[in-house]
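A.B. asks: Given next are the chains, with one letter for each unit.
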Amino acid sequence: MLEIEHISLGVPTSAGLMPAVSDVSLTLKPGQVLGLVGESGCGKTLCAQSILRLGEHQGIERIKGRILLDGNDIFDMSDTQLQRLRGGRIGMVFQEPMTALNPVFSIGAQIIEVIRLHQNASGDKVRDIALALLGDVGLRDAAELLDQYPDALSGGMRQRVLIAMAMAGKPDYMIADEPTTALDVSVQARIVQLLRRLQLDHGMGMLLVTHDFGLVAELADDVAVMYAGQIVELGPVEKIFDHPAHPYTIALLSCRPEVAEQGKPMPAITGHVPLPGQWPAGCRFASRCAWADSDCAREVKEKSWHRDSHWARCIHVDRIAEAATREIA
Amino acid sequence: MTLLSVQSLSKRFSRGGLWRTGSSVVRAVNNVSFELDAGETLAIVGESGSGKSTTANLVMRLLNPDDGSIYLMGENITHLSGKALRSMRRHMQMVFQDPYASLNPRMRIAETVGEGLRVHARDMSSSQRMQRVTEVLDLCGMYPDAMKRYPHQFSGGQRQRIGIARALAVSPRLLVLDEPVSALDVSVQAQILNLLRDLQQELGLAYLFISHDLSVVRQVAKRVAVMFAGHVVEEGPIESVFDAPKHPYTRGLLDARPIEHPGERRRQIEDAKDMEDVADVGCPYFFRCANADKDCSSYDPELTRDEHSVACLHPIRSGQ
Chain W
106 MLEIEHISLG VPTSAGLMPA VSDVSLTLKP GQVLGLVGES GCGKTLCAQS ILRLGEHQGI
166 ERIKGRILLD GNDIFDMSDT QLQRLRGGRI GMVFQEPMTA LNPVFSIGAQ IIEVIRLHQN
226 ASGDKVRDIA LALLGDVGLR DAAELLDQYP DALSGGMRQR VLIAMAMAGK PDYMIADEPT
286 TALDVSVQAR IVQLLRRLQL DHGMGMLLVT HDFGLVAELA DDVAVMYAGQ IVELGPVEKI
346 FDHPAHPYTI ALLSCRPEVA EQGKPMPAIT GHVPLPGQWP AGCRFASRCA WADSDCAREV
406 KEKSWHRDSH WARCIHVDRI AEAATREIA
Chain R
18 MTLLSVQSLS KRFSRGGLWR TGSSVVRAVN NVSFELDAGE TLAIVGESGS GKSTTANLVM
78 RLLNPDDGSI YLMGENITHL SGKALRSMRR HMQMVFQDPY ASLNPRMRIA ETVGEGLRVH
138 ARDMSSSQRM QRVTEVLDLC GMYPDAMKRY PHQFSGGQRQ RIGIARALAV SPRLLVLDEP
198 VSALDVSVQA QILNLLRDLQ QELGLAYLFI SHDLSVVRQV AKRVAVMFAG HVVEEGPIES
258 VFDAPKHPYT RGLLDARPIE HPGERRRQIE DAKDMEDVAD VGCPYFFRCA NADKDCSSYD
318 PELTRDEHSV ACLHPIRSGQ
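Residue numbers (this note's numbering), protein chains in the order written: chain W, 106 to 434; chain R, 18 to 337.
To be clear, the hints were calculated from the coordinates, so they are not data collected in a lab.
Errors might be hidden in some of the hints.
[Stated by the list, open to error] Reference excerpt, derived from the structure (chain W facing chain R, CB under 10 angstroms, subset only):
id : residue
1  : Gly146
2  : Arg171
3  : Leu174
4  : Asn177
5  : Asp282
6  : Leu288
7  : Ser291
8  : Arg301
9  : Gln304
10 : Phe318
11 : Glu323
12 : Pro370
13 : Met371
14 : Ala391
15 : Ser392
16 : Arg393
[Said to hold, decoys possible] Covered by chain W, per the in silico footprint, the following chain R stretches (three or more residues, Cβ under 8 angstroms):
id : stretch
17 : 153-161
18 : 229-241
19 : 273-282
[To be verified] DMTMM-like cross-link-like pairs, simulated, lysine to aspartate or glutamate; straight-line CA separation at most 20 angstroms:
id : chain 1 : residue 1 : chain 2 : residue 2
20 : W       : Lys134    : W       : Glu366
21 : R       : Lys239    : W       : Asp306
22 : W       : Lys369    : R       : Glu219
23 : W       : Lys344    : R       : Glu219
24 : W       : Lys369    : R       : Asp215
25 : W       : Lys408    : W       : Glu166
Don't be surprised by glycine CBs; every beta carbon is placed ideally from N, CA and C.
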């Protein structure tokens, strides 16, 4: 199990460390996909990167909390242990397939480097593993591909190469941060299918960071909705789609162009996500929320509404659910 | 009334080869024709490399076409230059994808939005100009205090509002919108789409709406043209194209759309054909098409001329 426990993170500013993620707890289970959704600026990527302690060279710091991999805190690990962990037990795929590969090294050189680092292999065997990995992500003519440079590849092919590299360490967990965002629709669909197959075949636990509910619908078992540095709702994917509890989740789901009614104004969320440093006391969504009242300015506890494995951070959940039932009736 | 008419437009680029040795020619836009009525929206959809942005740039005369012609309000603008082109540009303005990159970071909003007026309405006094800037900012849901500020002080959605205000300042008839909401979060995307809808109703604007996102297109457009490899392969009323696509490429695009609900999960997409290949002769979609036969390899079908037109030898019949 990979457990994020009460993590708070700070980003460096001229005025010192500013909290950007507050008290986030998430659990990644083997063989399960957890979707982490929210608008840009909510802290999703910071959270995901903290699992591999990736933001540290940019001065991002843990304020509190632990990240446990099978009970061992990642923050206690040495640099060597971390290096083995990154791309080893925990693989990662990022958004920018155009920039994530080094343009001056061949595909072969880059994938072989990862294999050497994480697998006990040498010589021809490394090459065989590289060919198998490239084949496994649906790239044909893998042998030719090894000698090619990134600029000869399309966005979809690059993303496949990056996924192959992420698989090189035979990871138990995969962090996929907006893995299809920069790709064309038809390529997106194929990459989604590939991720699903790999995840199932290898029984990986996956953290899928995305702003795209379509991707979540397709891949996730559970969904965590993040807003202004906090998780505001967490639950099984069907529950989140059919009975979203938090007003933010409800609003996000209804402003998708796929489900908006044609010829009518689209439901939108007014305003924008408050930046770190501008978070209000009490509920951070209150200023954009149609349900907000004076009570919302009070401190809102985590899991202020809780049913089985589904919880939300909102004091008006029952009132909102009641209104929804009335609307249907 | 036809506001914009594009006839047999073509643009070629040469690619690769240092010093042009061994370079090849890419037909970025190939024999593209369409019409757009005043107050209407025509969407052009396609994937990257389909030529949709090149088409937008040709219409705006930011690129010069190799062949074909462009008529705006009945006037042939294909070969206009200098003063004549400037005076026609007043009627068509462009909104770009990236609200972070398309505003000059060193210019105050008032200058950015009023810049077009300096060119197109030279007899305006500066106070008249500022009055107009306030007006268009207000139309786009921005307060006048925005005028003194700089682009970095605004969020992505606000910057796109400013980009739209800038385009509207000179009272154009046509807006060419190149992926205007692709860089925005869904919540903000909806705000901007609503704004565009209101502006169209209020001002009678025509939109040429370039997008890769079929769901967005369905929300905004009356008609849609689907581009593939520089060709318009299908064009028609939005309902008809979405509900009964005739070209196999359109059908494939529609099938690849993200699902709406986890209950629909696990549809399979055939992963057979290499998505990179475009045929040089015959139908450009030949290599990827599941319905292709040998006629398709030699014959490049033209777009039919009817209400819902298609360029395919074996179009999908409804119910198929």
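A.B. asks: Now look at each hint and say whether the structure bears it out.
C.D. replies: A quick look at each hint next to the structure:
no.	hint	in the structure
1	Gly146	9 angstroms, holds
2	Arg171	31 angstroms, violated
3	Leu174	28 angstroms, violated
4	Asn177	33 angstroms, violated
5	Asp282	16 angstroms, violated
6	Leu288	9 angstroms, holds
7	Ser291	4 angstroms, holds
8	Arg301	8 angstroms, holds
9	Gln304	13 angstroms, violated
10	Phe318	8 angstroms, holds
11	Glu323	6 angstroms, holds
12	Pro370	5 angstroms, holds
13	Met371	4 angstroms, holds
14	Ala391	16 angstroms, violated
15	Ser392	13 angstroms, violated
16	Arg393	9 angstroms, holds
17	153-161	violated (count 0)
18	229-241	holds (count 7)
19	273-282	holds (count 10)
20	W:Lys134 x W:Glu366	37 angstroms, violated
21	R:Lys239 x W:Asp306	44 angstroms, violated
22	W:Lys369 x R:Glu219	15 angstroms, holds
23	W:Lys344 x R:Glu219	41 angstroms, violated
24	W:Lys369 x R:Asp215	11 angstroms, holds
25	W:Lys408 x W:Glu166	26 angstroms, violated
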